[in-house]
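Colleague: Spelled out, the chains give:
Number of protein chains: 2
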Amino acid sequence: MRASRFPLFTSKEIPTDAEIVSHQLMLRAGMIQKLASGLYTWLPLGLRVLRKVESIVREEMNKVGALEVFMPAVQPAELWEESGRWEQYGKLLLKIKDRHEREFCFGPTHEEVITDLVRRQIKSYKQLPICYYQIQTKFRDEIRPRFGVMRAREFLMKDAYSFHLDQGSLAETYETMYAAYTRIFTRTGLKFRPVQADTGNIGGSVSHEFHVLADSGEDAIAISDTSDYAANVELAEAIAPPGDRPAAGKPLATVETPNQHTIEEVSALLGVAPEQCLKTLIVEGAEGGLVALVLRGDHQLNDIKAEKHPAVATPLRFASAERIEQELGCKPGSIGPVGLPIPVLADLAALYTADFICGANQDGKHLQGVNWGRDLPEPQRADLREVVAGDPSPDGKGRLHITRGIEVGHIFQLGQKYTKAMDATVLGENGQPQVLTMGCYGIGVSRIVAAAIEQNHDEHGIVWPEPIAPFQIALVSLNMNKSTAVAEASEALYRQLTDAGYDVLWDDRDARPGVKFADIELIGIPHRVVVGDRGLKNGTVEYRSRRDSANQEVNLDQLIEYLRTRQSV
Amino acid sequence: MRASRFPLFTSKEIPTDAEIVSHQLMLRAGMIQKLASGLYTWLPLGLRVLRKVESIVREEMNKVGALEVFMPAVQPAELWEESGRWEQYGKLLLKIKDRHEREFCFGPTHEEVITDLVRRQIKSYKQLPICYYQIQTKFRDEIRPRFGVMRAREFLMKDAYSFHLDQGSLAETYETMYAAYTRIFTRTGLKFRPVQADTGNIGGSVSHEFHVLADSGEDAIAISDTSDYAANVELAEAIAPPGDRPAAGKPLATVETPNQHTIEEVSALLGVAPEQCLKTLIVEGAEGGLVALVLRGDHQLNDIKAEKHPAVATPLRFASAERIEQELGCKPGSIGPVGLPIPVLADLAALYTADFICGANQDGKHLQGVNWGRDLPEPQRADLREVVAGDPSPDGKGRLHITRGIEVGHIFQLGQKYTKAMDATVLGENGQPQVLTMGCYGIGVSRIVAAAIEQNHDEHGIVWPEPIAPFQIALVSLNMNKSTAVAEASEALYRQLTDAGYDVLWDDRDARPGVKFADIELIGIPHRVVVGDRGLKNGTVEYRSRRDSANQEVNLDQLIEYLRTRQSV
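Chains as they are written, first to last, in full-length UniProt numbering: chain A, 1 to 569; chain B, 1 to 569.
Heads up, a few of these hints could be off.
Pairs involving identical chains hold if they fit within one copy or between any two copies, as the list cannot separate such chains.
Unchecked claim - In silico EDC-like pairs for lysine to aspartate or glutamate, Cα to Cα no more than 16 Å straight-line: (1) Lys-126 / Asp-510; (2) Lys-250 / Glu-386; (3) Lys-331 / Glu-287; (4) Lys-12 / Glu-459; (5) Lys-34 / Glu-78; (6) Lys-191 / Glu-466; (7) Lys-97 / Glu-142; (8) Lys-52 / Asp-503; (9) Lys-95 / Glu-325; (10) Lys-91 / Glu-101; (11) Lys-91 / Glu-218; (12) Lys-52 / Glu-466.
Quick caveat, the hints were computed from the structure, so don't treat them as lab data.
With these hints in hand, go ahead and build the complete structure from the sequences.
Modeller: Right, here's the structure in full:
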């Protein structure tokens, strides 16, 4: 493509309303333009990247035998009422009334539509398993759209859905899709990690997220330093410290802690580490009463884990200060597990702490030298906290470190959540109707583009991985309008490179070299070949990789060969 | 693709709610499934066709240098208010309120969004002309969606928009696009015709529609039998009959025509041809008064032509019977131009009629032997009627015949309708802001699929033109599970054909030959190759084209060569 026919709309200005670097660079590189809050037009340069990602996704879906379909974006309310999500999905669901006042939504996902399609089309177990996918525009009415296409309202998604006679077949397809996802993200050239994940509101049991690793990622991921173990911190198991609990060594004593409420305040006052203090959080119980959650002072409660505990109310609700004072007789900052007249759940790490400090259930007082079993009954054991760096990996191999990621894929074993609600059955081998079992598999196609930039950029701009770069090679002609030699050599090279199968942007613009170089760096083209009079005198052009700053003189007739050696992926 | 991995969801039942053959066949062939009124899921078989059409369109757009973008489907109301179409577009526009009660629509077209994009991006005349396009899902809230994807509410459209400094540049790009459209429709293998068209509500002056010719088409097109002339009958000029008006030959006389109101009744009563009677239609005039439109009895008023006449009110409104009786003194069926106290516009053919019959402006009476200029003043001349078969072609070459077409493309020279309303300017050569001039170019991608079927089908099913067939070749294996020879020969042939670049559906299903043949005919694959034990004994397979019923024995080792000779396009 000639730049004279493929205008670059680059800009030096950093857009003031773009908070993250991918958003800034996509605007500055002229990849996208904002239409309204959370709505972006993909400009020609951005669309080239989006289409390359889309192609990789499509190829790998086809390879595993998923059948491509194209469902309507607009979906009738009736189906969402059948599944129970018309109300449950909340305001993310963009509801629409047509001219006849019939209710629809702009689909944020297509479980209902595909389940309806399958229940009308698939009649027998012999037609199973079957897997459909589509690549399509979705809409989620985010309360605060932000970060450009990273959390836009309208976005491009690949969603796939598989249907099975039983769980065994689902597990098989799930594994196939897991492998396909691994190939997809490997092929994009991005550093990524599949992680165990929570299934959240979508339902089902087993689930994995695929994260592009980037310091700016919204999600924290716990990864073993020795094994393959990786899990969203929401889910990562915090196992018990190794060995037995240390023996009690100190006597129980009450200390005055006037106006000291937080762990920081109390540990500072008493001159001990926060991990020697236990904190007690009071939440509403599943049965209506109160429940105490005890954690080490240096640990954070994991809301999702707490909520999943059968003794705790769903959704998780902290008891109000008033209710605590009324029922337990002191302020929340002075609560401790000793003598507490409600059920006590202790996190595994808290349970392994001896001679600990905790609230005395009297305002202005704490207890020290407290020991489980000696000074108070052994509590219920529970995994309640978020893992931290240095925790042992739950698979017993190595220690966890915490890294950050951007979720770009999510696969679920849904089970029968939708098929049961929507009565999607087939005739089984025994001739009886049997409810289908279902899996679903999503990829945020447009989000991958932004995530790739978060992971790959420097102070000059984007640094594309080759497989998804808008162009592989930038052919930059210097002072072409003044030099016939440059014009002719450039034209010949452009033909040669495109004939060799490269995706080339030929910068044939009448602009200063500095302007051209800055543009090419900003838009992040992996390989740059500069054609100038000086080099041509010696029969050379200048090569530079976007990933390093060294220039290399290359003989014109060896360029193709040289480029082959420089291809990163 | 193996049919065992690409399920065909064919059906013999004719769907009761499908009125036209393409809708019936698309449902029966398993190309689409209905989700709700005017909303269809494209199943794998249908999507293959849609994607082939899409590819042809994209390739030709890229060839002429149009830049692909991808705009949001959801558009803010503010832009439509700027252009004046938020109210004007009517109920076809699907309006949406987001969670913050801000107004949006699901875009039925993107003039506003692209004009906004361009006014923010293009600053100088040096960046012109520029042409953007996209292939995208649109929504039009049709009052009565029908005919499957032919008039669906959600549909796939290619829309392109060009921007220019002046009309000359627009005219150039328009011509380029006209040529690209001609190539696109030629490449689909469909019989089509570009026709002059009315610009309707979208604005602008010059406009052409591209029609796929089919007897079931909604639009009537007038085509010259000798020249290239073709126009939508809405627009086709009805020129004056050749020569002078015949001389008056009969005396003026009043005849009693009690209770005879229509042309048919009057001409039957008086024993003359309907073309000898003139009918007089009373409409509201541009200034508020009434206006008479006079046509030959055998001709139909063309509403669009009438509406464009400066003397006539817009939109066209027929005068009520009450107002006619009150102001003109008789019932509408007895109105005639003689002595009428309002302006009289006569169609050119009516003007050339001598000794005509018309209403006498008294109930129950008509006049006969009436002659313009003798019995009443010469009226204003106007082209008011729809052309009919046999009319002289307006370009002076040959006669018109009327054929039917399905509109699949429409190109417009919009001029400054949107750019003026939305203040889209660039700096001109003189340094002064200059309003952009604009063209727009649409193709109904999903509609092409249905139109192709309307044009190409028989009693057994669809007969795809090769370039857009879901598969080019059906390889049908007979009794494969019982014959190793058939299985092995089929597998080898499948490899050979796909390696030769053919898009092959290998029907490897365990089904009766009749079932397979019927399916392959129904889904319309152009070439069928049957592998059976009988033929294999002689080293042959059986070839049959979807377009004829003769079978041909072909030697296995000559098959590829033979297929090359049978390719239609």
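Colleague: First find the shortest C-alpha distance between Lys-91 and Glu-101 inside one copy, then the shortest across copies, and answer within, between, both or neither for a cut-off of 16 Å.
Modeller: between (19 Å within a copy, 12 Å between copies)
Colleague: When no copy is specified for Lys-12 and Glu-459, does a C-alpha distance of 16 Å or less occur within a copy, between copies, both, or neither?
Modeller: within (12 Å within a copy, 64 Å between copies)
Colleague: Is it within a copy, between copies, both, or neither that the alpha carbon of Lys-91 lies no farther than 16 Å from that of Glu-218?
Modeller: Cα proximity of Lys-91 and Glu-218: none, with 22 Å in one copy and 42 Å across.
Colleague: Within a copy, between copies, both or neither: where do Lys-95 and Glu-325 come within 16 Å Cα-Cα?
Modeller: Result: close neither inside a copy nor across copies, 43 Å intra and 51 Å inter.
Colleague: Using 16 Å as the alpha carbon limit, work out where Lys-331 and Glu-287 are close: within a copy, between copies, both or neither.
Modeller: This pair counts as neither: shortest intra-copy Cα distance 23 Å, inter-copy 84 Å.
Colleague: Within a copy, between copies, both or neither: where do Lys-34 and Glu-78 come within 16 Å Cα-Cα?
Modeller: between (33 Å within a copy, 14 Å between copies)
Colleague: Between the shortest in-copy and the shortest cross-copy C-alpha distance, which are at most 16 Å for Lys-126 and Asp-510: within, between, both, or neither?
Modeller: Between. Shortest inter-copy distance 12 Å satisfies the 16 Å Cα cut-off; intra-copy 64 Å does not.
Colleague: Within, between, both or neither: how does the pair Lys-52, Asp-503 come out at a Cα-Cα threshold of 16 Å?
Modeller: within (11 Å within a copy, 23 Å between copies)
Colleague: Cα distance capped at 16 Å. Does Lys-250 pair with Glu-386 within a copy, between copies, both, or neither?
Modeller: neither (29 Å within a copy, 106 Å between copies)
Colleague: At most 16 Å between C-alpha atoms: does Lys-97 with Glu-142 qualify within a copy, between copies, both, or neither?
Modeller: between (19 Å within a copy, 13 Å between copies)
Colleague: How would you classify Lys-191 and Glu-466 at a CA-CA limit of 16 Å: within, between, both, or neither?
Modeller: within (13 Å within a copy, 43 Å between copies)
Colleague: As a check of your reading, is Lys-52 near Glu-466 (CA-CA no more than 16 Å) within one copy, between copies, both or neither?
Modeller: within (10 Å within a copy, 28 Å between copies)
In this structure, the earlier hints numbered 2, 3, 9 and 11 are contradicted, and the remaining ones agree with it.
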